[in-house]
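*Asks:* The lines below spell out each chain.
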Amino acid sequence: MSPAPLLELRQLVKNYGGVRALRGVDFDLRAGEVHALLGENGAGKSTLIKVVTGAHAPNGGTITLAGQTVSGLTPATARALGIACIYQQPALFPDLTVAENLALRLNVPSPAARMRWSDCRARATRLLARIGAEISPDAEVRSLSMPEQQLVEIACALGSGARIVIMDEPTASLTQKEQHLLFGVVRDLRKNGVGVIYISHRLEEIFALADRVTVLRDGQSVGTHPVAGIDEAGLIRLMVGREVAPIYPAAESAPGAVVLSLNQLGCRSSGVSNVSFDVRAGEIFGLGGLVGAGRTELARILFGLTPADSGTITLGGQPLTLRTPQAAVAHGIAYVPEDRRRHGVVLDLPIAHNLTMAIHRRLFPTTWLRFGAERALTLDYIRDLAVKCSGPEARGGSLSGGNQQKVSLARWLATKPKLLILDEPTQGVDVGAKSEIHKIVRRLAKEGLAVILISSDLPEVIGLSDRIGVMGGGTLRAILPGGSDPHVVMAAALGTTA
Amino acid sequence: MAATPPAPTTGPGTWKSRLLSHEMLLFYVLIALWLFFYFAGTTVNRRGVTVGFGTLDRQFDILRHSCEIGLLALALTPIIITAGIDLSVGSLLGLCAILFGQLWHDGGLPIPVAAGLTLVIGALAGGLNAILITALRIPPLIVTLGTYSLFRGLAEALTRGSITYTDFPASFLYLGQERWLGLPTQAWILFAVAIVVGVLVHRTTFGRAFRTIGFSPEGARYAGIPVARRLALAYVLAGSIAALAAIIYTARLGQAKADAGTGYELFAITAVVLGGTSIFGGKGSVIGTLLGVAAIAVLKNGLACLPVVMRMNAAEEMSGLLTGALLLFALSVGGMPQLWSGFRPRASATSPLLPPP
Chain A
1 MSPAPLLELR
11 QLVKNYGGVR
21 ALRGVDFDLR
31 AGEVHALLGE
41 NGAGKSTLIK
51 VVTGAHAPNG
61 GTITLAGQTV
71 SGLTPATARA
81 LGIACIYQQP
91 ALFPDLTVAE
101 NLALRLNVPS
111 PAARMRWSDC
121 RARATRLLAR
131 IGAEISPDAE
141 VRSLSMPEQQ
151 LVEIACALGS
161 GARIVIMDEP
171 TASLTQKEQH
181 LLFGVVRDLR
191 KNGVGVIYIS
201 HRLEEIFALA
211 DRVTVLRDGQ
221 SVGTHPVAGI
231 DEAGLIRLMV
241 GREVAPIYPA
251 AESAPGAVVL
261 SLNQLGCRSS
271 GVSNVSFDVR
281 AGEIFGLGGL
291 VGAGRTELAR
301 ILFGLTPADS
311 GTITLGGQPL
321 TLRTPQAAVA
331 HGIAYVPEDR
341 RRHGVVLDLP
351 IAHNLTMAIH
361 RRLFPTTWLR
371 FGAERALTLD
381 YIRDLAVKCS
391 GPEARGGSLS
401 GGNQQKVSLA
411 RWLATKPKLL
421 ILDEPTQGVD
431 VGAKSEIHKI
441 VRRLAKEGLA
451 VILISSDLPE
461 VIGLSDRIGV
471 MGGGTLRAIL
481 PGGSDPHVVM
491 AAALGTTA
Chain B
1001 MAATPPAPTT
1011 GPGTWKSRLL
1021 SHEMLLFYVL
1031 IALWLFFYFA
1041 GTTVNRRGVT
1051 VGFGTLDRQF
1061 DILRHSCEIG
1071 LLALALTPII
1081 ITAGIDLSVG
1091 SLLGLCAILF
1101 GQLWHDGGLP
1111 IPVAAGLTLV
1121 IGALAGGLNA
1131 ILITALRIPP
1141 LIVTLGTYSL
1151 FRGLAEALTR
1161 GSITYTDFPA
1171 SFLYLGQERW
1181 LGLPTQAWIL
1191 FAVAIVVGVL
1201 VHRTTFGRAF
1211 RTIGFSPEGA
1221 RYAGIPVARR
1231 LALAYVLAGS
1241 IAALAAIIYT
1251 ARLGQAKADA
1261 GTGYELFAIT
1271 AVVLGGTSIF
1281 GGKGSVIGTL
1291 LGVAAIAVLK
1301 NGLACLPVVM
1311 RMNAAEEMSG
1321 LLTGALLLFA
1331 LSVGGMPQLW
1341 SGFRPRASAT
1351 SPLLPPP
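As given, the protein sequences belong to chains A and B, one line each in that order.
Just so we're aligned, residue 1 is where the first sequence starts under our numbering, counting upward by one.
Just so we're aligned, residue 1001 is where the second sequence starts under our numbering, counting upward by one.
Just so you know, the hints here were simulated from the structure itself, not pulled from any lab data.
Just to be clear, a hint being listed does not mean it is correct.
What the hints assert, rightly or not - Ranges between beta-carbon positions, derived for each pair:
#	chain 1	residue 1	chain 2	residue 2	range
1	A	A376	B	F1191	29 to 35 Å
2	A	H180	B	A1135	41 to 47 Å
3	B	Y1174	A	G397	35 to 41 Å
4	A	R361	B	E1178	43 to 49 Å
5	A	T366	B	F1280	41 to 47 Å
6	B	F1280	A	T175	40 to 46 Å
This structure is a prediction, so every number in the text was calculated from the model and none was measured.
From the three backbone atoms N, C-alpha and C, an ideal C-beta is built for every residue, glycine too.
Here chain A stands alone, though its shape is the one from the complex (with noise of 0.2 Å):
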C-alpha cells in the first residue's frame, strides 16, 4: 500500500444555514481504487462532492491530497491538483464540437497562442479511442445522447490527466451495453494508478465494481468497508441505521372504497412504465423510493402535466384521460408540488390569491371577484391549519417553508378534491411544522380523502402510510404494508432483496 492516500478526508464539516449537511466525514481513497460512496437521499454525498471539487468551501475538517493539506479549494485549483468529476448532466458546450469541448477544457489559455486545431482534433481521437467510444470528434455535441456525452467527459478526465475521477451516478441513463463499456473505462482507469469515487444507487454495480465503500448517513460516514467483507443486507442496515419512532399519528378507520385505480399506466417521455395500483378513500397510500425513481413523474402524469400514453386511469369507477391540469383539477385531482417556491406558491402574490387559485370557477362563479368571501375562506383556512402570517394579505414569499407548505395544501383542500397527491410535503420544513402537516394529512385521510404520499424521507413514508408502494426504474417495485421494516423497504427502492 503506498504511504499517502490520493485523497484523505478528515472531520469534514460543511453548514448551509443552520443545517449541518456534513457533521464529520471521513474518508480516503487510494490510488488505483474504485471507491463507492453509498447514502440515502439526502445522506450528504452530493455536498461532499461539492466540497471536494472546491465548489462549495467547507466550514471544518481538513482535506488532504497525497499527504498535502490543501485550503482555499476552487473549481480552478481542484482541477488543477487533478481532481475530475463527472456530474450525471454533462457540463458540455452543445454548440461545439467534442474536439472543441476538449480543447476548451485541456488548453492551458493563453491569449496570444494559436489553435492548432488539427492537434485539438488528434487528440480528441486518441483520447475518445482510449475509452472505446465511437464518437466522432467533429459531432456536435449537442447531437450526442447523454450517454455519448458522459463518455466525453470522461474522455476530457482522462486527457487532463486526473488522478482523482468522481463519478456520480454515472450508469443512471445508460443501456446495459453502454455500462459495459463504462465498466471496462473504470477498471482501466484503475489499472493506471487512478482513484476513483464512484456513486450510485445500484447495489450489484458496487459490487461488480468497487473495492471499497462507505456509507454516509446523516452527513457522517458511518463505515468503510472492503466490498468483499460486507453483502448488501449489511450495506442497507448501514445505510437505514435508525430505528422509526413511533411519532406518526395512526390510521383510525378502515380505508373505504376504491377511489383511484391504475392499471400499467405508462409514459414512455417522462420514463414511467407499466405502474398499477388502487388507492382507497380514507387510506394513506405512501410512494417511496430514491431519487429518480420515477415517483414525481408519476405524480406530473396524474395532474395532467405530462399525459400518459398507455395503460388506464380509472378514478371513482369512470376511466380519465388527463391532458391537462385543468382536467385533473375538474375530475377532483389536487397535487401539491414538490418544488414550492417554483410551482407551489406564488411567491409575490397574497396568500388570498394564493389560497383560491385553484377554485375560481366555484368562489367567482360569474368571474367577478369577491373580496369578502375570498378573504373569510383565507382566514378560515389560515385558522385551520394554523398559518403563521401576519393576515391574508402577507405575501407569499414572507413565509416559512413550513407555513408556504400549509398555503400550498390549503389551496388544494379549497378544491374539495377527491384524491389529493402530496409530493415530499415536509422537505426543508422545521421539525415542528413537519409534524404539524402529518397531522394534517392523516385527519384529511380519515375525512375520507384518498391520499397518495410520495417521500424519500423513509420514516415518514414509513410511518405515515397504510400502504407503501416503493418505485424504481420508473416502475413499481413493490407494495408493502404500513409501517414495514425500513431495510425492507430500502431493499425494494434499490431492487435486491434484503
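Guided by the hints, dock chain B onto chain A, whose structure is given.
*Replies:* This is chain B only, laid out in the frame that chain A set:
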C-alpha cells in the same frame, strides 16, 4: 381600483403607503407638469386673445390626440401584466384603417357594418399572435416583432403604398372631430374601454390569471389556470382594441392610410411602463396607464406651447428627450429602495432558525 379589505394598521394598505404609491407619485408629477405649462406656456397674442397651453381648446385637443395611443396603451396593459409584449398594435392600427376604408369604399358596406368587421379582423389578427405565442411557444417579443412587419407590409401592399381613403360622411367624422356632451367624442370611447379593461384587470378572475401568469407562468399552470387561453384572451382583446383605435384615427383625420399609427406602439409601451406596470409582469394598474398616457400627452403638447421651444422649432425633439428622461426617472425612483438597502449593512443572509432557501 385595488381591493379594499379592512385596513391593517401597517403594511401596503395604509393611507401613507397609498399616498406614496407609484400611481399617486405619477399623479403629482402630472399636476406639476400641467401647472408649469399652464403658467409658462400660455400667452396673449397681439390681438389680445389668450393662446397656448392654458386654453380649453388646447386641452380638448390634447385629449383628442391622446385617444389612439391611450387605447393602445390600454390594450397593452393586460399583456404586459402577463409579462408579455405586443409590438404589432401600431402596425395593426394601420392595417385595420386600410381594411376599414376598403370595406366601406370598395366593398360598399355601411359604416357600422364596416366598423364591426374591422373589429373582428383586429381580433383575428390578435388571435394570430396568440396562436403563435401559446401553441408554438415563441416568445411574444419575437412573434409580435414579426407581425409588426407583417401587418404594416400587408397594409402597404393593399394600397400599393399610394391609395388613401377619404370623403367619409360627416356622421362618421363626428366621432373623430366633434364634441359630444362637451368632450371630444372619441374621449368617451377611451373612457369606456378604460372602464372595461380596468374591470377586467382588477375585478375579475381573468385579471387574477393575468397577474399570476405574469409572476409565475409555471406556478399558474400548477394551479390549474388555463394559461394558454388566458394569454390568448389578452392578445385577442389587444387586437380588437387596436382596430377600434384605427377607426377613431380614421375619423379624426378623415382619411385611412397605410402608415396610420406608425411608432404608436412605442409611445403606448412607454405610457404603460411609466404608469407603473412592470415589464417583468405581475404588477400594474389601468389607472397608472391612463396617468402615463396623460403625462406623455401633457409633456408633448406643453412643450410645443413654450415660447423658447417655439423659437427653436424643436418641439418634437424636446418632447422625445423629456419623455425618455421622465420614463428613466420614474423607473429609477422605483428602483431606489433596493439601491438604498444596498448601502445598509446587511443582516446575515441566512438565519440559523430557518431552513435554507
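*Asks:* It remains to establish, for every hint, whether it holds in the given structure.
*Replies:* Each hint tested on the structure:
Against the hinted window of 29 to 35 Å, the Cβ-Cβ separation of A/A376 and B/F1191 comes to about 34 Å, which satisfies the hint. Look at A/H180 against B/A1135: about 44 Å separates their beta carbons, and that is inside 41 to 47 Å. In this structure the hint that B/Y1174 and A/G397 lie 35 to 41 Å apart at CB is violated, the actual value being about 52 Å. Taken as a hint, the range 43 to 49 Å holds for the pair A/R361 and B/E1178, whose Cβ atoms sit roughly 45 Å apart.
The hinted range of 41 to 47 Å is not satisfied by A/T366 and B/F1280, whose Cβ atoms lie roughly 31 Å apart. Look at B/F1280 against A/T175: about 43 Å separates their beta carbons, and that is inside 40 to 46 Å.
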